[in-house]
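Residue numbers (the numbering used here), protein chains in the order written: chain D, 8 to 326; chain W, 2 to 161; chain C, 1171 to 1612.
Quick caveat, the hints were computed from the structure, so don't treat them as lab data.
Hints may contain errors.
[Claimed, not checked] Quick look at which bits of chain D chain C covers, simulated, 3 or more residues with Cβ under 8 Å: (1) 10-24; (2) 45-52; (3) 90-102; (4) 106-118; (5) 168-177; (6) 211-222.
[As the list claims (entries may be wrong)] To spell it out: a stretch of chain W is covered by chain D in this simulated footprint if at least three of its residues, at any positions, have a beta carbon under 8 Å from a beta carbon of chain D; those stretches are: (7) 25-35; (8) 70-84; (9) 117-128; (10) 133-140.
These figures come from a predicted structure and were not determined experimentally.
All residues carry an ideal CB built from backbone N, CA and C; glycine is no exception.
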Amino acid sequence: MFGFGYGEGFPDHSIASLEPIDNDKILIRTSAADVGQGVKTVAVQIASEVLKLAPEHFVLSEGDTHITQNAGSTSATRQTYFTGHAVKEAAEDLLGNIYHYASQEFVTNHPEMGTKEGRVFSHVDPDQEMTIWQLRDKLADEGIELKGRGTFFPKTFKPDPETGQAEKVYVGYTFHSQVVEVAVDTITGEVTVEKAYSAVDIGQAINPQAVEGQIEGGTAQGLGMALMEEQIIEKGRTLNPDMSRYLVPTAVDTPEVETILIENEDNDGPFGAKGVGEPAMIATAPAIINAIHDAIGVRFYELPVTPEKIKEALANKEQ
Amino acid sequence: MKITFTINNKEKTVEVSPHQRLLDVIRKELGLTAAKEGCGKGECGACTVLLNGEPVASCLVLAPQADGAEILTVEGLLSEEGDIHPLQQAFLDAGAVQCGFCIPGTIMTSYRLLQEKANPERQEIREALAGNICRCTGYQKIIDAVELAAEKWQAGGEVQ
Amino acid sequence: MSKKYIGKAVKKVDAQAKVNGEAEYTEDLINEFSDLLHMRVLRAPHPHAYLKDIDISEALEVPGVVAVFTKADFPKLSEFGLIIKDQPVLVGKGEKMRFLGDAIALVVAENDAAALRGREKIKLDIEELEIVEDPLQAMEKGCIQIHEDHDIEVTHYLNKDMCCDNILSDNYIDRGDVEKGFAEADHIIEREYKTQFVEQLPLQVEKGIADYDNENEEIIIWAASQWIHDTQADIAQAMGVPKEKIRLKQPVIGGAFGKKEDISVHIHLALAARELKRPVVLLYNREESMIAQSKRHPQIIKHKTGVTREGKLTAWETEMIMDTGAYASSGPAVVRNAMFHCSGPYQVENVRAVCYAVYTNNTYCGAMRGFGATQMGFSYDNHMDVIATELDFDPFEFRLKNAFAIGSKTPGGEELNHGVNVKETIEAVHEASNWQEGDKDD
């Protein structure tokens, strides 16, 4: 389980804007940091959906404090939810403005109009048609800027300091269950995670391939935490400050993961989506520890469970 | 001292110091920045390039060792027109790229694997890539990508 | 209505540049600067000591060294930090170093080798103090205080001798009546769980370049950040300059996982670029990154749980002590996030939790994927399995019986009224894995 967003009443929001540029592109301005998880792609997919315009027409601004506004952090599993919403609102705002100004050009009502692949047109009179970029140029002559702006700023509440209770602590919760199959070599103490099955309550995956990528990567990090990773600090000094002594999972350590998406679109995120970055890794360490118990009858209470600890535990069990 | 080598099919002569690392020559002197430094100790694989056809951690190779050698980096996989290589395309199609920092090194190791073995098993791909650390993907989609590239190759597309 | 672009495996918009080598990470921008200076940071030689004196005269004589900056050069410098401003940009004379990552001097030179040689020539005189190695030691009566000015009024004590001087934050949940819940239980199961220091280990370590824009009197910084506007604000307040004078540009980021939420290279580079009016680069190596930047918090977690013979949870009590290391960073939020996940996605009417974040002289801890809930998740789901094993419940049935549904309350008291598909996830993995009790190969 993971409650996402900063929660607890902290001000938490994202601001985005969209504007037509060049002759066939829409610029999405957001400062949301893409650390590889794919928030830029999520932003493009959402804007594409709203504007009915293919992803290749969108470009993203560079992250720059002086040309973008606050999108909050890439943390708390919040960017799909917060920046996804902000981009959706910005795209809807732009779409609304396109309808508004095009209807003035066409002298028609909104219900009689449509948009598709960058064109805005009248259903009534097929000659009434222009591209978003033509509309932008016409408006520019009149001193009007065609753009859309969106802010998403949901509310949570600060829990009571004595009881820790609040009506709404986080903006939403992502749930993830995992079953892992492990093999334990009782001679070397080595644990092999052979297979993982994940089911994630994601609401709606904006990009299923990217969600799978989060689950697979999270599983690898959970495996590392369960079985091998520990920065050893003694008297304030790190004894293993490099990658030959601090081991992370390699391609031969990680399992194949089968990911099942539970998509009930029953969340407040954009198109019903929830975030997935952090909940992706939470289930793995306990699943592995529980599987080890199932395999050899030994329960571990302290991480990481290294081969030495397995051997020691098995020796103690024999006695 | 001066050394001469071929990199991405182009001959280069550069002035280096005897203890300069090949990685620095490639990145700084030649401005080819795809190969990355993740550890500087040959532990992570991010700086992998092909040296005379074999994957090496270029942070552990001294520049003079590359004298007369043939070097290939990810930039060298692009066609003359700048189109990406089918192996690179497979990484895109499989969704194997997250932060991307390990990707240039991982692609070079994969490239060598596919030259050696046209149709590797998943476990063989895993073993070949064991020296290329990726912290984002859990490797699954990277392995999918190499499999996908192998299939394309089998289907008649050139891997090279 | 069917959707055209949502729910589709659209190719990552930034992936092509990452496979063909065009993507520009911070270190890939170096070639674009012609007169770049190189910085190396001298860090604390001891994890807990007073800096009595510092002598930089020999360092300044090293050929190629352009400047050596110490706290004395910046009398107006303030502490920084994500939530509490408790971390010094530079430890000055008479001040305390609290972990081995604390910066003492910045050596700037025409090349990296000269910066390294200069750093070796700096002489320090320190007065060593007792090292606080773990949070239990930090909470022992009479323990030395790590932050001399830190003052906290703790509400709940674990024992009457408990030392509160090093407690960064104390946090509580008290819902329903835990004693009544234990009285209703047929079994009470209590265990302790421990987690370790984990390194986020993004493949790209901390790197940055800063330059000074004379025309706009702006400092421009190219460096990864998970939140450029917050990093900008933290830099500006530490340096005492208006926010708009700090411009943060975000190159492509080589992974983060929480590690790039905190300030790293940013303020050191900004100071040097402003003073020298030249571009300066600072490249951490892996060792420096692991020692000087944040870790996942180790937690000591005790769960005491009441359960009926039918397998219904009646009470859940959690006590957690978390090592936050030398500085607060995200600690005050991480401890609360852990607490609000103390019993996981399992419905319990009566919940009590006491959770502390405690200063030590270890590398400071901050954000890492899961933000405290990962450690807590290891403990609560291990604990659920312990209960199932002890009481001979089927592990799926037991979880399903207690799993959240519409109307359940989270540990923080929030009633869930939509988006609750926990049971579906449990059932889905049960089916996919073709789970059978005792399904084992030798």
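Okay, the hints, checked on the actual structure:
Under a criterion of three residues with beta carbons nearer than 8 Å to beta carbons of chain C, the stated coverage of the stretch 10-24 of chain D is upheld, 4 such residues being counted. Using a Cβ-Cβ cut-off of 8 Å, 5 residues of the stretch 45-52 of chain D lie near chain C, which meets the minimum of three, so the contact claim holds. As drawn, the stretch 90-102 of chain D meets chain C at 0 residues by the rule of a beta-carbon pair under 8 Å; below three, the given contact is violated. Only when three residues or more bring their CB closer than 8 Å to a CB of chain C does the claim for the stretch 106-118 of chain D stand; here the count is 0, and the claim is violated.
With 10 residues bearing a CB less than 8 Å from a CB of chain C, the stretch 168-177 of chain D meets the requirement of three and the coverage assertion stands. Note: the stretch 211-222 of chain D has 7 residues with beta-carbon separation from chain C under 8 Å; the three-residue rule is met and the coverage holds. Only residues whose beta carbon comes within less than 8 Å of a beta carbon in chain D count, and the stretch 25-35 of chain W has 0; fewer than three means the coverage is violated. Here the stretch 70-84 of chain W counts 0 residues with a CB under 8 Å from a CB of chain D, which misses the bar of 3, and the coverage is violated.
Note: the stretch 117-128 of chain W has 4 residues with beta-carbon separation from chain D under 8 Å; the three-residue rule is met and the coverage holds. Only residues whose C-beta sits within less than 8 Å of a C-beta in chain D count toward coverage, and the stretch 133-140 of chain W has 8 of them, enough to reach three; the restraint holds.
Hints 3, 4, 7 and 8 from the earlier list are contradicted by this structure; the remaining hints agree with it.
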